[in-house]
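Residue numbers (the working numbering), protein chains in the order written: chain A, 877 to 1148; chain B, 877 to 1148; chain C, 877 to 1148.
Hints are computed from structural coordinates only; laboratory data are not their basis. We put the CB at the ideal spot given by N, CA and C, even for glycine. Be a bit skeptical, because a hint or two may be false.
[Said to hold, decoys possible] Simulated restraints, written as ranges between beta carbons of each label pair:
(1) C:P1024 to A:K1070: 35 to 43 Å
(2) A:R1044 to B:P940: 13 to 21 Å
(3) B:S1034 to C:G1045: 32 to 40 Å
(4) A:G1116 to B:G995: 45 to 53 Å
(5) A:G1116 to B:R1069: 48 to 56 Å
(6) A:S1130 to C:L1073: 32 to 40 Å
(7) C:L1073 to B:Q1089: 52 to 60 Å
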Amino acid sequence: MANRPLVTLTTDFGLADPYAAAMKGVILRHCPDAEIVDISHQVPSHQVLSGAYILANAAPFFPPNTVHVVVVDPGVGTDRAILVGQFGDQLYVFPDNGIITFVKEAYPLRNLVEVRELGLLGVEEVASTFHGRDIFAPLVGYIFSGKPISRLGMMPDSYTLLDLPEPRGQEGEINGQVIHVDHFGNLITNITRKHMLQRWENLTQAGLEVYCQGRHVGPLQSTYGQVEPGRPLALMNSMGMLELAVNLGRFRDSFDAGFGADVSVRLSGEGQ
Amino acid sequence: MANRPLVTLTTDFGLADPYAAAMKGVILRHCPDAEIVDISHQVPSHQVLSGAYILANAAPFFPPNTVHVVVVDPGVGTDRAILVGQFGDQLYVFPDNGIITFVKEAYPLRNLVEVRELGLLGVEEVASTFHGRDIFAPLVGYIFSGKPISRLGMMPDSYTLLDLPEPRGQEGEINGQVIHVDHFGNLITNITRKHMLQRWENLTQAGLEVYCQGRHVGPLQSTYGQVEPGRPLALMNSMGMLELAVNLGRFRDSFDAGFGADVSVRLSGEGQ
Amino acid sequence: MANRPLVTLTTDFGLADPYAAAMKGVILRHCPDAEIVDISHQVPSHQVLSGAYILANAAPFFPPNTVHVVVVDPGVGTDRAILVGQFGDQLYVFPDNGIITFVKEAYPLRNLVEVRELGLLGVEEVASTFHGRDIFAPLVGYIFSGKPISRLGMMPDSYTLLDLPEPRGQEGEINGQVIHVDHFGNLITNITRKHMLQRWENLTQAGLEVYCQGRHVGPLQSTYGQVEPGRPLALMNSMGMLELAVNLGRFRDSFDAGFGADVSVRLSGEGQ
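The shape of chain A in the complex, shown without the other chains:
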């Protein structure tokens, strides 16, 4: 256990409404010592893919045994399952809709339970539109009480993973696409360092050129300041993913490209 019960929240609730705070209140009622940290409440509404990306690039940095509560839950009130799982040294409470996909790719699953025994949570009434407050938050209290998770239900036969486009390509080329646009207007793609190293031994080798929607971005750089202000560049970012940026600018706006845009890496002299 961490020194303090540490909880994070990842939701698409936004920050204006009472939803996130109501969840925090309930968590603190059940576990007054909990330390609650926001990962994000600005996952785009109902966008499980964005939530999966944000979760996987923040949660693993927390101390072991942190409980990450994820409520991007377009299926609230339907019969989608609620899962509690341990991946690596972190614990996740999440709806079974694929939001765990990127965490699962990077960290081994150690334990997984489908929550069935709601009676153990000490909740009197469950609003069918706000499981975050009425189920997920009390679940945190249950987990920190030290009672075994195995009492909450059984390991499910399977659970949902997003069906993601795997980067592919002919010899000397990798083709992928944009899966996230960040606050700076940078485009993050599904082309990872692993994909690159499977094709080429050395990412700093001369001749690797990056294209977005067929338009030339430039060779791989290692940081933004390596090109002049206002110029585009590509780099392997701090999450190990291929990212397109404009130094001190916004790639999204300069290239008019966003979520889903085609991105390719080519050894120059080949392909186009």
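Add chains B and C to chain A, keeping to what the hints say.
Relative to chain A, chains B and C alone:
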């Protein structure tokens, strides 16, 4: 007392400026052990009604004796009073402008003081434009010091409540209006479960149909997924209020209706 | 030392992406007892001047020995230095780009080190695009471990301060400009109480009139409610800076004036 001194903030300061953080700094100077949780800093500027709604749907979930500081305060620097009140098991510090209205409707008033003795707060200078930092924050320190609230001033003869439109209607019909638009584009109305049960015994009874600005929304549902994606629906939400939504969409945009829009519930065959 | 290790964050990361939370995770890995408070993650992208303003008007209110981590860092990955400095009773960790300017104007420098010995931070790998997570956050852990800051590097010969336009003017007049537009649409200028008192002994004296872009705003007031709703006004704000506002409205929109706009104060009868 809760295990830790627990404070929440509800303001219209936004999150970009130094205002909310300056308040937190002062609270921590006066009470280094305080745990500070944001309810919202995105109450629309000067909108007391929105702030009242957000406060009432988050604050009551916190542990007993949490101190809720509310600074939606268009009258800052004028002679509007500053109040400290206990409603239910929570404590509220707020300007006397009606922001306590929905809390007061749902929880009994147990104690109320109009703050007059600013000398007790240990504050040297008060900026007439930032009482949040210079009066409300030190008040939190005073309250957690364990000194009696009664020393701060007298119980006022009266205090401000918002003059809200009460849902009304002829037999077989209730008419209300939209009092909040949430992050998902859902419209929340002032028609509560209580209003509905005063008119009809059973909210699941066949024939209850909901209209917005005269346009048909549909029968009462219990959760979003009961209609097809993109279709509108009405339900009694997790706060016990009639809500209009579009499954996986935005009712606000689909119906081009927002704050103040007319909403009615009718027993079909009656009215229109 | 404060009762608890207290850390604040000031960044231009926004709140949607995983960046701020990843930093918090790393800080908590290194210092599980840390209490982390956000000053702002909504500094406009790469805008060091805005960040400097926000930092200086929030950080100094925190308890002594709070560590303020600032990551508005357009030069990340270049050879700009990383500094740890004590100004007044607060500690600051920041890139050497001038973001400390307003803090330094108001509080005496007591200690300053340029961080060179990254080996002391126990970090295995540093992404050249995310020093916030890979250097600044571990630095917080080092500082709270109680080891001397002097081991991290030497005092630099000099450090960067923003080259700000100093308010100036002829007799009976001060000319300055807008350096920040806040959430309420208020304009904050670089004309301070100090500048005013150097020119005039008494800020409440009759005849001081404020102009924005040559347009008359009105005499100095002390709070918003002194003019009718919808009317413009000028006042010395809670940070001691000349501010232009509209009571219950947005000066920015009413006057169509923003960052960089000219503002002047004149003793009426003189000048225009």
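Hint check:
| no. | hint | verdict |
| --- | --- | --- |
| 1 | C:P1024 to A:K1070: 35 to 43 Å | holds, 41 Å |
| 2 | A:R1044 to B:P940: 13 to 21 Å | violated, 58 Å |
| 3 | B:S1034 to C:G1045: 32 to 40 Å | violated, 50 Å |
| 4 | A:G1116 to B:G995: 45 to 53 Å | violated, 58 Å |
| 5 | A:G1116 to B:R1069: 48 to 56 Å | holds, 50 Å |
| 6 | A:S1130 to C:L1073: 32 to 40 Å | violated, 47 Å |
| 7 | C:L1073 to B:Q1089: 52 to 60 Å | holds, 57 Å |
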